[in-house]
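Taking the hints into account, I'd like the entire structure generated from these sequences.
Chains A and B, in that order, give the protein sequences.
Counting in the working numbering, the first sequence runs from 1 upward without gaps.
Counting in the working numbering, the second sequence runs from 1001 upward without gaps.
Keep in mind the hints are simulated off the structure, nothing from the lab.
Among the hints, a few may not be true.
[Unchecked claim] Chain A residues, not near chain B, derived (Cβ > 12 angstroms throughout):
1) Pro-41
2) Cys-98
3) Glu-307
4) Tyr-310
5) Ser-333
6) Glu-365
[Said to hold, decoys possible] Here are the simulated lysine-lysine pairs, DSBU-like style, with alpha carbons at most 35 angstroms apart:
7) Lys-1144(B) with Lys-1156(B)
8) Lys-1148(B) with Lys-173(A)
9) Lys-1072(B) with Lys-173(A)
10) Lys-1074(B) with Lys-1156(B)
11) Lys-1144(B) with Lys-173(A)
12) Lys-1140(B) with Lys-173(A)
13) Lys-1074(B) with Lys-1088(B)
14) Lys-1102(B) with Lys-1148(B)
15) Lys-173(A) with Lys-1088(B)
16) Lys-173(A) with Lys-1092(B)
17) Lys-173(A) with Lys-1102(B)
18) Lys-1074(B) with Lys-173(A)
[To be verified] Ranges of calculated distance between the beta carbons of each label pair, as one might list FRET restraints:
19) Lys-78(A) with Gln-1029(B): 41 to 47 angstroms
20) Pro-65(A) with Val-1137(B): 54 to 60 angstroms
21) Asp-219(A) with Lys-1102(B): 42 to 48 angstroms
22) Asp-115(A) with Gln-1029(B): 43 to 49 angstroms
23) Val-1007(B) with Glu-17(A): 51 to 57 angstroms
24) Ala-367(A) with Ala-1019(B): 43 to 49 angstroms
25) Ser-1109(B) with Arg-569(A): 30 to 36 angstroms
26) Lys-1156(B) with Asp-369(A): 54 to 60 angstroms
27) Ile-314(A) with Val-1007(B): 25 to 31 angstroms
All C-beta atoms in this analysis are idealised placements derived from N, C-alpha and C, irrespective of residue type, glycine included.
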Amino acid sequence: MLNVEVNDRTIAAKPGETILEVSRRAGFQIPTLCHLEGLSPTGACRICVVEVENAAGLLPACSYPVQDGMKIKTHSAKAVEARRTIVQLLLSNHPDDCLYCSRSGNCDLQQLARDLNVDRRLYRGARSSYPLDVSGAALVRDPGKCILCGKCVRVCEEIQTVAAIDFLHRGSKAVIGTAFDRGLNTSSCVNCGQCVIACPTGALSERSNVQDVLSALADPTKTVVVQHAPAVSVTLAEEFGAKPGRDLDGEMVAALRLMGFARVFDTSFAADLTIMEEASELAHRVATGGTLPMLTSCSPGWIKFVETFYPEFIPNLSTCKSPQQMMGAVIKSFWAERNGLDPRNIVSVSIMPCTAKKFERSRAEMAHDFVPDVDYVLTTREAAQLIRTAGIDILGLQPESADTPFGERSGAGKIFGASGGVMEAAVRTANFLLTGSELSELDIQPLRGLHGAKELRARIGDLEVSAAVVSGLGNARALLDAVKAGQKQLHFIEVMTCPGGCINGGGQPFHTDPMALKARMRALYSIDRSESLRTSHANLSVKRLYDEFLGRPLGERSHHLLHTHYQQRDVLI
Amino acid sequence: MTMSEEVRLEPILAEFPDAARDALIPILQRVQEAEGYLSEVAIARIGRHLNLPASKVFGVATFYNQFRFLPKGKYHVMICRGTACHVKGSVKLLDVLTRTLKVRPGQTSRDGLFSLEVVACMGACGLAPAMSVNGEVYAKMTPKRIEKVVAECRAKEQA
Ligand code: SF4
Ligand code: SF4
Ligand code: SF4
Ligand code: FES
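Put into structure tokens, the structure is as follows:
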């Protein structure tokens, strides 16, 4: 143990800990821009410099290890002045666009400028002349607002192993771009939005559909319906200043109704439907010697990842559409028919924790007769924006429940929002389908938690099932490579594109609180625990949908509406 | 029959077996030498050889001025931006070239006729400001003379 002094307070530290870590523990916040939790520091921005007694110059807190007896001043006049100069330099070529910027009020650069009393432009540099990249179905890139911190590049390469973007050119021409500097839409980008979450500025954002949804709501010829994904209700509150982990399910339903959505459906219902199809598909593959391991297909970033980097695994992907798209398909078929509506006059909106869902909805396979099953996808952040535009005080609303026939859901459908949740839901139902009885313990602990790779060996009926759960595409890549090398014999693999699952999706509220993810995850599992309906196969609304319309899992109608196919992608990788 | 670029690249890559990332620049240089530029096919293939993503290979290549990503034009124009030429007003000449050729440095005109390259020094400081077309050096250039040289090339094509 070492003893370190931070702003005159003595604190014990482990060797190897950085100044940043120790100072945080002592209760002092040092600003960072290029630092990424869990990845090795690059020391690119130097905004984190602190003064250390007897050191030659200021030291970067994010990368500098503490030493015994070190005396650190995190906010000495010299350190603060150095930070101020850095921000002033960063702003020298920045477009002063805060009024029109989606990150305003939530931007690390803006916050730093304010905290450091930057009140005028001190240096004037040439603005970048790189144009906006609006080619992507999900994301917009604005190189003019980029401060070249490199976080997006590292997240994309090191966490997701996609490496769609990198530093191009050098000096004053340096910019983040794709291979051959083309639009994101032609790159290997899988639209996960993890770079957006990492970006400290408005240089990366989702392609917003808030105005489109407002226009649809104002159009009397349209019936506008909405679905919300399992992981949205447990994060939305953060956008309104509440603590992470508060569930706003009922309040959100009430708010959406107030705004004029004709129906509010719960995507967790479609998650239950997905489980019925997917568990049946798995049982079918096992029984008929089909391609194994079967890979889950609810995370659209992961789908594009397989199509791009591992096309040889396309036959392993479950043919089940994602819950969003299953819901979209039954809204514009069954529900439209029941209500005598022309699918063309229905505007189907979904609220998702995810940016890749915007891409998913635009896939050609996700439409019937050129009518898309889902018209607009809003991220959790955009949904909050919509609620603000409507002037609704969501935290003060009386909770309401979602609409029939797609409003009932099980706890199993709800935990889809956390990595491991799909697998847990599937095991609960597979066990019932194969043995006819319920698991004595529905909580499956080995599948829970935030670690990126989990495994489960379970006996279901006569079957010894081996399953794996991974989140973050780097972990998925490692697992696929192991399967390819014959090192892993598995039946079923759940993959979520984003580390930790949808609770950490690219469309979720920006969070600075490292405990936020845990709180979001806990919220999902406690909802499940408090639910009397905890298995997908016991969802009576799902049963009714099969009885009245779909027939049976994997039946002809299901095949037509709830299943899909994939294609190899020919992009530069 | 012309060999596909993929096939042409193989012997070059074979010169660098088990290469690691530090071989990237030499490989890029060899490929450009052989092909005249770095194509998409080449960038992707080199990336696979070194186990590097295409964005990284492209990013590194753009860091250095020596690499180009489009085939050279029929007339490859180089303009010197060395100190001597700079003193004698090569900024203006570059501007004139960009406008008359309608290409920016590193690019090739759509009709494939002209490509423009900026070089740090052509080693012809006595002739400053200097430019060259397909290796032939033109000394003491002025905007007028540039226009004349370009017009001559165009005339040759029309004939
Ligand atoms: S990125 Fe931040 S500082 Fe720049 S315009 Fe947007 S809000 Fe303002
Ligand atoms: S969205 Fe994901 S895949 Fe695309 S650039 Fe960002 S991190 Fe990479
Ligand atoms: S786009 Fe954002 S994350 Fe990427 S380098 Fe620029 S500022 Fe940093
Ligand atoms: S946060 Fe420490 S150098 Fe950028």
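Hint check against the structure, violated hint numbers in rising order: Hint check: nothing fails, all pass.
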